[in-house]
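J.: Given the sequences, and given the hints that come with them, work out the whole structure.
Number of protein chains: 2
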Amino acid sequence: MKVYKKAILPKGFKASGVACGIKKGRKLDLALFYSELPAKTAAKFTTNKIEAAHIKVDKRYLKHSKLFQAIAVNSGNANCFTGSKGEQVAGEFSKSVARALQLNKNKVLVASTGIIGKPLAIDKIKKSVPELVSKLSGKGVEKAKNAILTTDSFAKTVTVKFNIGNQAITLCGVAKGAGMIAPDMATMLSFIFTDANITQGALNKALGICVKQSFNCITVDGCMSTNDSVILLANGASGSKLINSGKSYDLFLEALNKVSLELAKMIVKDGEGASKFIEINVKGANNFAQAKRLGLNIANSNLFKTAMFGENPNFGRIIAAAGASGIGIKEKNIRVKLSSLKKKDISVLLDIKQGKSSATVFTSDLTPKYIKINAEYN
Amino acid sequence: MKVYKKAILPKGFKASGVACGIKKGRKLDLALFYSELPAKTAAKFTTNKIEAAHIKVDKRYLKHSKLFQAIAVNSGNANCFTGSKGEQVAGEFSKSVARALQLNKNKVLVASTGIIGKPLAIDKIKKSVPELVSKLSGKGVEKAKNAILTTDSFAKTVTVKFNIGNQAITLCGVAKGAGMIAPDMATMLSFIFTDANITQGALNKALGICVKQSFNCITVDGCMSTNDSVILLANGASGSKLINSGKSYDLFLEALNKVSLELAKMIVKDGEGASKFIEINVKGANNFAQAKRLGLNIANSNLFKTAMFGENPNFGRIIAAAGASGIGIKEKNIRVKLSSLKKKDISVLLDIKQGKSSATVFTSDLTPKYIKINAEYN
Chain E
2 MKVYKKAILP KGFKASGVAC GIKKGRKLDL ALFYSELPAK TAAKFTTNKI EAAHIKVDKR
62 YLKHSKLFQA IAVNSGNANC FTGSKGEQVA GEFSKSVARA LQLNKNKVLV ASTGIIGKPL
122 AIDKIKKSVP ELVSKLSGKG VEKAKNAILT TDSFAKTVTV KFNIGNQAIT LCGVAKGAGM
182 IAPDMATMLS FIFTDANITQ GALNKALGIC VKQSFNCITV DGCMSTNDSV ILLANGASGS
242 KLINSGKSYD LFLEALNKVS LELAKMIVKD GEGASKFIEI NVKGANNFAQ AKRLGLNIAN
302 SNLFKTAMFG ENPNFGRIIA AAGASGIGIK EKNIRVKLSS LKKKDISVLL DIKQGKSSAT
362 VFTSDLTPKY IKINAEYN
Chain P
2 MKVYKKAILP KGFKASGVAC GIKKGRKLDL ALFYSELPAK TAAKFTTNKI EAAHIKVDKR
62 YLKHSKLFQA IAVNSGNANC FTGSKGEQVA GEFSKSVARA LQLNKNKVLV ASTGIIGKPL
122 AIDKIKKSVP ELVSKLSGKG VEKAKNAILT TDSFAKTVTV KFNIGNQAIT LCGVAKGAGM
182 IAPDMATMLS FIFTDANITQ GALNKALGIC VKQSFNCITV DGCMSTNDSV ILLANGASGS
242 KLINSGKSYD LFLEALNKVS LELAKMIVKD GEGASKFIEI NVKGANNFAQ AKRLGLNIAN
302 SNLFKTAMFG ENPNFGRIIA AAGASGIGIK EKNIRVKLSS LKKKDISVLL DIKQGKSSAT
362 VFTSDLTPKY IKINAEYN
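Respectively, the protein sequence lines represent chains E and P.
Okay, so the first sequence: first residue is 2 according to my numbering, each after it adds one.
Okay, so the second sequence: first residue is 2 according to my numbering, each after it adds one.
Rather than coming from a laboratory, the hints here were simulated on the basis of the structure.
This structure is a prediction, so every number in the text was calculated from the model and none was measured.
A pair holds if it fits inside one copy or across any two, identical chains being indistinguishable in the list.
When the alpha-carbon atoms are kept at most 20 Å apart in a straight line, the in silico DMTMM-like pairs for lysine to aspartate or glutamate are as follows:
1) K370 x E312
2) K162 x E143
3) K333 x E88
4) K343 x E280
5) K50 x D352
6) K213 x D251
7) K345 x E377
8) K25 x E132
9) K86 x E332
10) K343 x E377
T.: Written out as structure tokens, the structure is:
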């Protein structure tokens with residue numbers, strides 16, 4: 002299994018990115034990811050009760066079918082808290098791309114990221130769709146990966162290649178983070194493409210497992226977005242035997258896990274104002290959910306995060322944050338270990354010695370730069 | 002009903018404060034609050050699973066009796082995460098004060114605030130107890146109110162006077178905040194004294210109601226302390242008729258509510274690095290708990306707090322934080338109103354138009370100074 006920190010699209014996938022004018026200064030703000038074959042699709046969305054319009058539309062489409070051929074994305078506007086008009090516009094976005102690709106309608110998923118509560122300039126998007134479609138190519142992913150960013154400081158891509166028998170399979174992930182971003186834009190989008198030939202059930206199952214351990218185990222500022230979306234397309238173009246269970250499924254799961262985890266870590270590394278990358282390992286919990294909750298409670302504690310920024314080995318704050326989780330930990334059983342805080346990468350170990358489950362969560366520190374970024378925008 | 006922003010001890014109460022040497026530079030760090038008569042006592046403690054030693058000791062005492070005559074407090078050390086030795090030392094603290102006051106043991110409640118995880122210098126405390134007791138007086142509260150502080154920037158006191166029939170009743174509250182404080186010291190302590198003649202049941206009930214609407218509705222940084230304690234002593238020295246229910250109970254509840262809310266607001270105003278005092282009113286909820294949860298979710302959002310600091314009227318962040326609460330709000334029903342952000346005092350109104358319940362929570366903004374305070378200590 003080989004890991005590349007760049008985007009290499011799997012067989013049968015193309016992408017493109019253009020500037021449609023939502024962002025100022027002709028910056029790339031419209032991306033398209035396309036599969037030549039209908040691809041089995043699995044997706045996970047934010048649990049925020051205020052959902053962006055694109056999530057409402059995608060969920061409706063996904064109810065009727067799990068076969069899609071494209072994901073169209075705009076950045077610079079989240080199309081969220083925009084009412085029924087916003088939903089209508091997200092539908093138009095999808096339909097205009099489907100038309101240009103000569104696909105049946107409802108075959109194109111959409112995603113948006115950017116400012117909340119402003120009307121999306123659908124006319125600008127529609128005008129640029131023909132150009133977007135005409136530019137589709139294997140190398141187009143270089144533009145697409147940048148067109149989905151808001152104020153991330155770098156594009157987030159990872160590719161994993163592995164074999165099932167003699168058949169080479171590729172998984173390629175592209176993400177935008179909740180990092181270095183202007184206010185209202187704390188949205189995480191992640192798209193993963195594979196030419197694996199896999200059953201719908203195995204695809205759903207694998208995505209569920211991987212998201213739980215990657216995107217759902219990271220936090221920059223504890224603020225849940227209205228637009229978070231992870232979409233996985235599998236078009237089968239590798240011609241490999243059908244993956245469903247057993248060793249081939251395990252390999253696929255391992256590869257997907259690598260892609261998800263790597264993207265998730267990049268999002269944290271690009272966290273707003275971050276100066277430290279912090280890995281928190283919780284051991285000795287009764288189950289994964291408990292371990293994760295303890296980890297996230299520590300990761301979201303402003304007192305812990307500022308201590309990490311200040312390189313202050315303040316274990317009292319770790320204990321207090323763990324105790325505030327509501328989980329019945331016992332003072333006399335707790336062990337805490339902190340790596341050297343002088344380094345950029347820090348690890349924290351919390352062992353509560355109750356059971357055998359563990360979880361790892363990732364976060365960044367809280368810095369004056371975070372406040373500057375988020376206070377001074379407008 | 003008259004409100005004074007100073008401490009006027011009710012009939013039969015005395016206090017004192019001395020420097021025992023836990024804090025450097027002979028700063029006041031030991032306080033005693035004393036009632037000449039046994040006082041009915043109600044108390045509320047943190048729900049953090051890691052409890053400071055004083056809470057374990059107080060809870061044990063309170064199981065056996067609700068009549069106490071003193072509260073002894075040290076600052077500069079939280080005596081938390083200090084194991085069975087810490088608990089033993091908290092017991093010694095209580096007993097040494099009881100001896101000096103010639104009270105039966107278990108009649109003195111104790112409280113600690115300061116750094117977590119360091120042994121408490123009980124010898125220094127014991128050596129100073131005779132001086133502490135000898136200095137008890139009505140005016141001693143001026144020293145006591147300062148001796149409970151860690152790095153608060155001001156002492157927090159409030160007194161409410163009202164009549165039941167011709168009988169004057171006084172309630173006096175003294176608190177220390179989670180504000181302007183060095184790492185590990187995010188502890189809130191609050192002591193309220195009254196000469197009201199009230200039944201134990203009415204006392205408990207009133208404290209429960211008031212804490213719910215005051216101390217439990219404030220947040221500075223979302224970090225729950227291991228030491229939070231609110232203790233209310235009622236010694237009956239006013240000679241008023243016994244308060245249990247009806248109009249006299251309503252008056253007492255109103256007075257206690259004023260004291261609690263005023264202290265809670267002062268704690269927020271003295272929040273670490275705070276430049277804004279923010280009142281969040283949530284309306285149209287199905288019940289108080291739901292309204293409060295929505296309010297606290299907004300109050301604890303770093304994105305919201307930095308927007309307030311930046312005077313950035315960013316309602317998208319309020320919506321996103323409300324949606325992340327897990328409460329099923331509906332986009333089309335939501336109304337948000339923000340007062341002018343140029344002022345020091347800001348109010349936010351969120352109406353979710355579902356039911357008839359409301360709640361008000363108080364918080365401060367998140368500023369570079371907060372990070373400076375919490376990162377640079379050590």
